[in-house]
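Novice: One-letter residues, chain by chain:
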Amino acid sequence: MFFQRVQNILANYGMTLLRGAGVTLLIATLSTFFGCIIGYIVGIIQTIPVGRRDHPAKKAVLGVVRAILRAYVEVFRGTPMMVQAGFIYYGFLYAGVSLPWLAAALLIVSINTGAYMAETVRGGILSIDEGQTEGAKAIGMTHFQTMLYVILPQATRNILPQIGNNLIINIKDTCVLSVISIVELFFAAKTAAGATYTYFEPYTISMVMYLIMTLFFSRLLRWMEKKMDGPQVYDLATTDTLAHTSGMISYPGKGRKEEE
Amino acid sequence: MSEHILEIRHLSKSFGANTVLRDISFTVDRGDVICIIGASGSGKSTLLRCINLLETPSGGEILFHGTDITKERVNIPAYRAKVGMVFQNFNLFTNMTALKNCMIGMTKVQKKDKMTAEKTARYYLDKVGMSPYIHAKPRQLSGGQKQRVAIARALAMEPEVLLFDEPTSALDPQMVGEVLTVMRNLAKEGMTMIVVTHEMAFARDVSSRVVFMHNGVICEQGTPQDIFINPQKQETKDFLARFLNG
Ligand SMILES: Nc1ncnc2c1ncn2[C@@H]1O[C@H](COP(=O)(O)OP(=O)(O)OP(=O)(O)O)[C@@H](O)[C@H]1O
Ligand SMILES: [Mg+2]
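Residue numbers (my numbering), protein chains in the order written: chain A, 1 to 260; chain B, 1 to 246.
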């Protein structure tokens, strides 16, 4: 009985559901990506140090920019995304702009993710030991270089689990975009349910589909974390100076592990 | 202007109402090894951190080849690239291998090409006896090994002066020796160094001048003989007596 109805729905609405899942995936991954970019930009600006030697104009501009960014973070972290969706979409309509559905979806979810990521990145930067910054300064790196080569790589490694979290939350939460009629997975399931007067089955199917997507990405992120950590064992370099002087400088091979 | 590399004039530093350094003056010439000794809290680290501007001095001048680097419009990163620093806690970049740690300053700050940078990095890592470990990340190294990499990283920038802030204080006793040996060799080769240390034997044997600090001022300075054999000030005598008796 149950399986028959599932089969029936898959036969008639399988493509709709798959397309819905595709839309969900597209919105979630792209928005997480753009959200990260926003988050990094905001987080980096929030942590620029101002010293006594800095120009007053620089301090003033930075102060204003930071106030705006703080307001952005508070507003978009402090309100539900479903409401933000309505606010942004109908706000644009009110101003005479009808956003294409994908643009609207990406805008809403990216802005929302960016607000969370901003705090995550800021926290990630602040969590790196002050000694790393001092080590970098001591060899003459500028603040920008220190960020780029020392702090952000370490912070990124530390916040990778949270980026993954955001991606998974986004896969699930794009369903709120159904309020502005975007045909993602949840909307597709609702459509199937409405058209066939069966409810349990389409939701079960979509639930499984959500789970497959989230499981896939949580695995992928675990793998990326491992990759970033590098090999647990390092190669003891050979004392073969000939290899060096002849230009055959060897870097540790990817995944090549040698027991000591 | 004579050939001083560094000339510290009437340097002072306050943290809020707390004055940590007062009227510090001394000079550093090529090949000097200056050891700074003194009780905990006397301002030794603060002095060293002021010299490479990790702390902004509150007053006085720091002349580097005659140019006051505490003035505005001085390119601080460029100055720091010429004054190396070795920290108590190593401060190696945890996201890079030993080799990368030594190369990054050359490639990104000095804009040397990768081949040259790698060659130089390998040369200095070899000098501190860390050749076998160039592909290790800091977390895979012992304290003494980390500190030797940190010294190699500073040396690779080929600085004119090298500052050491208690480079052996975070190390287990059996690792202190390996780091001190490296430093003794550097001194022998004529490296200009300012060393904050509690290793009195090192200060006595290696330094060309010893500076004794007490409550934020230079209480006494002179040759190792002056300070360790014939100290003039009562504070110096007390400090040494306390130190030598454990
Ligand atoms: N960032 C800071 N803010 C306020 N006070 C500080 C700061 N850094 C250092 N101090 C104070 O300055 C004084 C000197 O500290 P400093 O670290 O220079 O001493 P030190 O001689 O290096 O001591 P130790 O041998 O323990 O390393 C101390 O009283 C310390 O509390
Ligand atoms: Mg100290």
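Note that these hints are calculated values from the structure, not bench results.
Every value quoted in this text rests on a predicted model; they were computed, and no experiment measured them.
Glycine included, C-beta positions come from ideal geometry on N, C-alpha and C.
Do not rely on the hints blindly, as some may be mistaken.
[To be verified] Listed below are several chain B residues computed to face chain A (Cβ distance under 10 Å; list not exhaustive):
{"#": "1", "residue": "N52"}
{"#": "2", "residue": "N89"}
{"#": "3", "residue": "A154"}
[Said to hold, decoys possible] Okay, derived cross-link-like pairs now, DSS-like style, lysine-lysine, Cα gap no bigger than 27 Å in a straight line:
{"#": "4", "chain 1": "B", "residue 1": "K100", "chain 2": "A", "residue 2": "K227"}
{"#": "5", "chain 1": "A", "residue 1": "K58", "chain 2": "B", "residue 2": "K108"}
{"#": "6", "chain 1": "B", "residue 1": "K100", "chain 2": "B", "residue 2": "K71"}
Novice: Now look at each hint and say whether the structure bears it out.
Specialist: These are the hints, each one checked on the structure:
The beta carbon of N52 of chain B is positioned within 10 Å of a beta carbon in chain A (closest approach about 6 Å), and the interface hint is therefore held. Interface hint at N89 of chain B: satisfied, since its Cβ lies 5 Å from the closest Cβ of chain A, which is below the 10 Å cut-off. For the restraint placing A154 of chain B at the interface with chain A, the shortest Cβ-Cβ distance is roughly 7 Å, inside the 10 Å limit, so the hint holds. Restraint check: the Cα-Cα separation between K100 of chain B and K227 of chain A comes to about 18 Å, which is no more than 27 Å; the hinted pair holds.
A distance of roughly 25 Å separates the Cα atoms of K58 of chain A and K108 of chain B; the hinted pair therefore holds under the 27 Å criterion. Distance hint between K100 of chain B and K71 of chain B is unfulfilled; the C-alpha atoms sit about 33 Å from each other, more than 27 Å.
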